[in-house]
Amino acid sequence: MNDKTKKVLFSLLIVYGCSQLIHTFLNTNSWPVCSYNMFSTQMPDIDEEYMFELTEDDGSIQLVRPGNCFPIEYYRLNGMIWETLHVLYAKDKEKFFKGLLNRLNTDPWKGFDEVLPAAKPKSGKKFVKMTVFTFRYDLKKYKVGTPLVPFEKITEYNISL
Amino acid sequence: MNRIYNKISFFLYNQNEPFKRLALLRISISIVIFIMVFFGDSDAQFYVDNAQFLYKPVGIFDFIPILNMTGFLIVKWGTIISALLLLIGFKTRITSILLAVFYLIFSRYISFFDSYWLAYVTHLNFFTIVLCFTQVGRYYTLFPGSKTEPGLKQFEIASFIISAFQFYVALLYLQTFTAKFMVTGPNWFYETKTTMYPTIVYGTDLGRFFVVTPLFFKCFSIFTGIFEGLFFPLFLYKKATHRYLGVLGIAFHVGVYAIMGISFYMLYALYPALFIIMNKGFAKQKPEKV
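These protein sequences, in sequence, are chains A and B. Okay, so the first sequence: first residue is -5 according to the working numbering, each after it adds one. Okay, so the second sequence: first residue is 15 according to the working numbering, each after it adds one.
Note that these hints are calculated values from the structure, not bench results. Ideal placement from N, C-alpha and C gives every residue a C-beta, glycine not left out. Misleading hints may appear alongside valid ones.
As the list claims (entries may be wrong) - Per label pair, the in silico range of CB-to-CB distance: (1) 87/B with 140/A: 43 to 51 Å; (2) 279/B with 154/A: 36 to 44 Å; (3) 140/A with 154/B: 45 to 53 Å; (4) 20/B with 25/A: 29 to 37 Å.
Make a model of the complete structure from these sequences and hints.
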């Protein structure tokens, strides 16, 4: 390779590096240029998480993580759930969540890595109701060996088949 | 300034065994993409059923239309099959392009379903595209065929690509370190809650067990800062550190997975080919013919 080409390639590397760092300093992303700020924040002492309550046709209840209701990587779900709850029209919201319930009943998926396994009803049963909650946790009060218990539960949405 | 440029230039264009390492990278990347798309987040039914509600293309690929089942499966299986063909070294000039294109469309498409836009796989997009510009099928292939000896230009391109990928990873850690510093401040790196709280909420049983000893998480946060903060300077300072940085990187991410359940195998699975194997010293001999 001649010197001119090598200098061009070197310059491209510097330009790439600078554009990545500028995005990091500006805390913004312009894909494919990434700031890599995914883990830059701290969780607050009071944390809010979505949780899903699934009711079977015999009345029994399962409390599951959102990842057990969506066949996608669990860390993508906060934004997705927020959008479905706050942006979709009521009719679309109903269709969306009914679709999830039906999927759990008819075609549950296996988990892999950060795709969690589908919640499953007991044998011969099916899920008939889904309730979406926001659980608020005081993480300062967590004790090892005990389940993480919310101090407040906010009902966001519920749907029945 | 000239002296620094000459040193950098020497590093960029004199990597040891670049073609063997590119072949190993080819294998690593193919396996990672195959695993991610075949086993991971690629549920056709979900993406087809919910495109009407969730699909919001933005940015430079916003022309990708909503895919029906056939379209989604073509993109998904195009990615899987081209990954497998590239893995075994079949017609690598063509299969590398197919994988780069299919995986770009696939990863962009599913990223448009939420506002969290899959930065963690962007390196795979970059790497698959750049690998189209070099020879990745000279070694470790089921289809050796007869290949002419590479000339000096091809050798230097291969070497530059390895160096550029290493630079990409080193810069990534500098960025993650800087982002933490800028968004949260230096307390990200010494406060116990930084790593402890996500472990309580999302982590593994092993990770939650360590909550009895908050000092463990304080050390975890500090170690993260040391690792991410020093990776880039050490990478620039001394080539002899690269293999150790690669090993440390793998250990770091495996540890994070064991405690916090955050998986990053799609990045560190490339470290053996990129930083560790055959990465001692520089090229002993370069081709003479141009």
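Going through the hints against the structure:
| no. | hint | result |
| --- | --- | --- |
| 1 | 87/B with 140/A: 43 to 51 Å | holds, 45 Å |
| 2 | 279/B with 154/A: 36 to 44 Å | holds, 40 Å |
| 3 | 140/A with 154/B: 45 to 53 Å | holds, 51 Å |
| 4 | 20/B with 25/A: 29 to 37 Å | holds, 35 Å |
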